[in-house]
Amino acid sequence: MNISKLSKHVVLQGGTILDPVAGTEKKGDVHIADGKIKSVGKVNAPKSAQVVDCKGLVVTHGFCDVHVHFREPGREDKETLETGSLAALAGGFTRVCVMPNTDPPLDSPESIRYTVDRSEECSIHIHPIGAITKGQDGKELTEMGAMLSEGAVAFSDDGLPVTDSGMMRNALEYATMFDIPVINHAEDLCLKKNGVMHEGTVSTHLGLPASPDITESNMVHRDLELTELTGARLHVPHVSSAKSTDHIRAMKKKNEKVTAEVTPHHLFFTDEDLVNFDTNLKVAPPIRSNKDRKALIKAVKDGTFDCIATDHAPHTIEEKEGTFDLAPFGMIGLESCYGAVNRVMVKENKMDQVALIQMLTVNPREIMGFDTGLFEEGMDAELTIFDPKESWTFSRKDIYSRSHNSPYVGQKMTGRVKHTIVKGHLTNI
Amino acid sequence: MQHKHLLGLENYPAEDIQTIIDTAFSFREVLDRPIKKVPSLQGKTIVNLFFENSTRTRISFELAQKRLSADTVNFSASSSSLQKGETFKDTAQNIEAMKIDAVVMRHPAPGAPLHLTEHIDSIVINAGDGTHEHPTQAILDMTSLYEKFGYLKGLKIGIVGDISHSRVALSNIHGLKTMGAEVTLCGPATLIPPNAEELGVNVNYNLDEVIEWSDALNVLRIQRERMGGGLLPSVREYRNLFGITPERLANHKKELVIMHPGPMNRGVEIDSAVADSDQAIILDQVLNGVASRMAILYLLLGGKYEEGKN
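Protein sequence lines correspond, in order, to chains E and Z.
Using the working numbering, the first residue of the first sequence is number 1, and each one after it goes up by one.
Using the working numbering, the first residue of the second sequence is number 1, and each one after it goes up by one.
Honestly, the hints are just simulated from the structure, not real lab data.
Treat the hints with care, since some could be wrong.
[Claimed, not checked] Computed beta-carbon distance windows for the label pairs:
1. E:177 - Z:195: 38 to 48 Å
2. E:290 - Z:212: 31 to 41 Å
3. Z:97 - E:425: 44 to 54 Å
4. Z:279 - E:166: 53 to 63 Å
5. Z:96 - E:410: 23 to 33 Å
Glycine included, every Cβ here is placed at the ideal spot set by N, Cα and C.
Please build the complete structure, drawing on both the sequences and the hints.
If you want it as structure tokens, here you go:
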């Protein structure tokens with residue numbers, strides 16, 4: 001991977017321009033002048049312009065991930081805002097939202113300001129999500145108003161659920177003043193107990209403590225009802241089960257303030273992949289049955305899910321090298337995202353490519369209130385260029401995160417990100 | 001033997017289980033001799049790596065190793081450097097660096113023996129991994145049933161007690177199913193795993209019906225720490241519903257073989273009058289444990305393993 005400053009004039013030549021806002025795909029060029037979009041389609045650039053050959057490639061908006069963990073401050077041994085940015089660039093992501101479960105958590109205006117300032121130095125755009133409750137302990141609301149002024153874009157205690165229904169109601173009600181999404185990591189901890197995987201035939205065979213699908217869907221259902229009650233905006237993260245999907249689909253029919261995301265790994269793997277006790281597949285919520293996976297794929301296609309989010313969660317080798325019961329929950333996912341979801345959704349399940357790319361670009365931006373018209377003249381160039389057809393095998397050398405906890409190593413991918421353009425720089429991957 | 005290691009009985013070949021059982025009977029003869037030692041594994045070094053307390057299994061393995069003239073080293077978590085923060089991987093690799101042939105491991109985490117095979121080249125024998133498998137226990141149970149009945153195919157075995165937290169139950173289920181026996185699980189609904197039927201077994205909460213159905217009952221230890229929590233109300237309630245008492249057995253006019261992997265909670269899951277009766281083969285299980293483990297060690301370390309067939 002190499003990152004270089006964009007020349008004064010750059011032409012992305014001969015590619016297919018996929019405009020996720022218009023929902024169109026057309027052959028054409030893109031002219032970038034002084035780091036900004038000059039023209040799209042037929043371009044008239046000076047001869048001296050730097051040319052990026054895009055033949056056979058698709059040029060689209062930079063990918064946006066509303067759910068990553070960059071571990072800074074506190075666990076810089078796992079990831080920093082810089083190393084996380086490199087992982088993002090390698091995966092075609094130009095913009096991410098970082099979850100606040102750092103050490104200390106992002107639960108104050110000062111910590112939000114710290115993240116915003118630090119992200120200035122990074123190679124992609126990073127937006128902090130603030131904690132819902134102080135210390136993420138579910139007891140006291142954070143100063144949401146002040147945190148928003150400092151640059152928070154949403155609120156979540158991700159990693160932990162807001163267990164107390166009264167507190168969740170308060171958080172949603174309070175957030176209505178600002179019209180920003182509240183994101184609750186839905187797992188009923190009383191039902192989860194010490195569960196480390198999905199409860200089913202596989203967990204019985206492996207002898208691992210497990211939790212059933214309703215561990216998630218019960219709380220998703222509660223949150224949806226509270227959203228209805230309060231009129232707030234709810235974004236449901238990393239949906240893993242068929243039952244949750246049904247609840248969300250039903251509520252979305254009558255409440256447009258509900259949005260939801262699904263991760264690549266819940267679309268790609270099933271609990272049967274855990275038979276070798278691969279700790280990289282230990283995630284929360286857990287990888288579920290093939291029946292759940294199929295329901296998630298269907299929900300991607302029918303629009304129940306608004307976006308794909310990786311839940312990129314780096315952990316050290318030392319932590320993941322231990323036994324399954326003790327390993328922390330989470331896997332990295334930025335670098336492998338496109339090749340994995342494109343394989344599952346477009347190649348294997350015949351989804352329209354434009355619709356999938358919308359879930360990586362315009363849809364997540366709309367949820368977070370970011371600019372979406374990225375092909376308009378004068379916009380800062382924030383683009384991703386990928387080969388939709390390339391078959392390849394994901395390997396350790398494709399990882400740029402500081403951590404290597406990826407179960408995709410050795411997995412076949414379809415489609416590969418080739419270039420990422422953001423903040424005045426061109427990355428060749 | 002088709003597998004280099006013995007990690008569990010799920011998908012373990014029937015012919016290999018039968019070979020182990022047959023070999024165990026040859027070693028039973030050795031154990032009846034005045035000099036109970038053969039030179040089969042002379043020069044082989046085996047490490048007993050116990051990350052969890054165990055008396056019976058460890059002694060049984062150690063005796064089996066000594067009877068086969070292997071050199072053995074015992075390592076237990078309490079006396080180890082694990083408490084100094086050394087990782088599982090370091091411990092494993094350090095031990096292997098000392099040039100050994102096999103590791104017998106007990107570990108509280110399901111999957112730990114498989115994990116160990118990724119770090120070392122030695123033969124790994126699972127002596128119990130958390131709530132996952134305990135294959136040598138299941139093999140000694142099957143050896144004992146074979147000794148008693150002369151066959152396994154078609155036998156009806158009831159397994160009674162805490163199935164959810166039992167590696168003995170899971171390995172027995174896999175082994176018995178492979179050998180053509182039928183299995184019924186019996187115990188409190190809170191201690192039987194969901195989807196248990198998908199393991200190819202019956203589930204019946206009525207102990208009397210299970211007694212009526214079974215040729216043999218394998219009675220599992222019920223951990224006292226499970227009592228009074230959310231899973232079980234009390235010892236009294238458990239005894240009433242699932243305790244193997246002479247009164248209960250007297251209601252059934254039939255020959256029934258009683259097994260228990262030990263250690264027993266006398267007066268909880270099984271009464272002394274039953275445990276010490278002629279129908280119990282609990283002490284035969286202990287002796288067969290040594291013979292079966294001798295057979296397993298001999299077959300895995302004795303050079304009959306053909307490289308490439310794994």
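How the hints compare with the structure:
1. The given range of 38 to 48 Å is respected by residue 177 of chain E and residue 195 of chain Z, whose C-beta atoms sit roughly 47 Å from each other.
2. The beta-carbon spacing between residue 290 of chain E and residue 212 of chain Z, approximately 39 Å, falls within the hinted interval of 31 to 41 Å.
3. Separated by about 48 Å at the C-beta atoms, residue 97 of chain Z and residue 425 of chain E satisfy the suggested range of 44 to 54 Å.
4. Distance hint check: the CB atoms of residue 279 of chain Z and residue 166 of chain E are about 59 Å apart, consistent with the given range 53 to 63 Å.
5. Taking the beta carbon of each, residue 96 of chain Z and residue 410 of chain E are about 25 Å apart, inside 23 to 33 Å as hinted.
Checked against the numbered hints above, the structure breaks none of them.
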